[in-house]
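Peer 1: Given only the sequences and the hints, what does the whole structure look like? Please build it.
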Amino acid sequence: MNQIKLPPTFSKGLRAALINRIDIATAPTTRRRRARWIGLAIVGGIGLLGGAGMATATILTQPGGTEVAELAPPVTATRTGTGTVELGNAPSGATNVRVSFICLSAGTFAFPDGASVSCSDSDASGPVRLRTTNYSVALTANQHSVTIITSPTATWTLTATYASEHVTPWATNPRGDSYGVMNENGTPDLIAVEATNGKEGYVFATDLSHADGSDQNFTSPEQALKWQRERQSKTISIPVYMSNGTTRIGTFEIAG
Amino acid sequence: MDTDADAGFELWIRSLDGDSSAFGELFDKHRDRVFRHALRLSGNAHDAEDATASAFLELWRRRNHVRVVKGSVLPWLLVTTTNVCRNAQRAARRYKSFIAALPRDPHVLGAEDEVVRRYPLDSVGVPLINALRTLSTTDMQLFALVYLEDYPIADAAIVLGLSTTAAKTRLHRSRVRLRSALGGPNGLPSLPVTEAKGDPS
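From first to last, the protein sequence lines stand for chains A and B.
Note that numbering that gives the first Met the number 0 gives residue 239 to position 240 of the first sequence, counting from 1, and the numbers run on in steps of one.
Note that numbering that gives the first Met the number 0 gives residue 141 to position 142 of the second sequence, counting from 1, and the numbers run on in steps of one.
Hints in this document: simulated from the structure, not taken from any laboratory.
Ideal Cβ placement from N, Cα and C applies to all residues, glycine included.
There could be a bad hint or two in this list.
As the list claims (entries may be wrong) - Only pairs whose alpha carbons sit at most 20 Å apart, straight line, appear in this in silico SDA-like list of lysine to any residue:
#1 69/B <-> 86/B
#2 4/A <-> 179/B
#3 4/A <-> 46/B
To be verified - Footprint (simulated), chain A over chain B, 3 or more residues, beta carbon under 8 Å:
#4 20-32
#5 38-52
Peer 2: Put into structure tokens, the structure is as follows:
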């Protein structure tokens, strides 16, 4: 049996730094219950923003967002335990299966590609909106059904449909800055956010990376720790602009 | 899923909800296995530490894309580790400042020497590492999961988004290719394959 372990000092330092990174990303001022979208590249964008307050509905209409066309009538089914919902043959042009999943009892529910949803007792009896998981999975060859794997007594319902999805290009303002939402292609110059006053606008990617420390070029552990200490429990505000990158309309906050 | 997998799955679900202590426990659970995998592929401890850090950072960054196999994120972590070792420079660039700030242990022996000295059967060896680099990314990931980490082909296929049949074809192709890269039919040691149980489809 192989007993080689991650060296202890490195392991301890890495563990602490990972936890710190997650705590920063999910700090209370930026944490907000959001509609759960699993499996869409665009969700990575929200994650990169540290769970910041971006409105999901906006993402779908922003440049760089995912354009979706449903290609077939939705199929709805309710099951207890592991079950498969047949969707019929995929129409031509279908790239994804979009699923709206609702847990009707507590349990952990897994999609065939490994994505999963967990519902507690309180989730299962709460408002439907909060126990709905919207899920989009890339269609595999000859796929014509969706299977949910769960324990024999867990109850669930889902609505699924074939859809075509593609990521739209970012737009460009007269100054030449790209703008829109972060997606699988990377980050535009101006990133769509919701300002603290509720208005939808854009922050400069450079402002954001400066505020969250990702542009820091530390050369020693001491430097990094000093930066972390100085940042701790401070909230950094960065300006939110219209898509022209010059008209300021509000402020976006990142918790330290 | 067994109890251990259930516990790991629970930690992963809590991590997805932003519970950093759950992520810390997942790190504790998988760090050594990830490190050993990185060590075998990279051949030195410093690079293996970097790869381990990058793999866990990727686990968090790409948390909404992670494929969980039988309740475990470990296969995804191992695939990512393989990927990071293959693209070491790119991974190092992305997390340069984060990794540079981590404290290091003194390494007296070269880690590869250490692996070879203590566990001769576990070390991949430089010739095989170099031969593995001739495979495509997916083939290398698949080969590493099945032959180095003993995952059933069906499980490895799930995490890589392949059908079991396609995975078997790729593995066969990889063996032929590696055999050639290693200089003939006797170059590649006999590697047992853990076959999937039940219907893989």
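Peer 1: Does each hint hold? Answer for all of them.
Peer 2: We went through each hint and held it up to the structure:
no., hint, result
1, 69/B <-> 86/B, "28 Å, violated"
2, 4/A <-> 179/B, "33 Å, violated"
3, 4/A <-> 46/B, "14 Å, holds"
4, 20-32, "holds (count 7)"
5, 38-52, "holds (count 5)"
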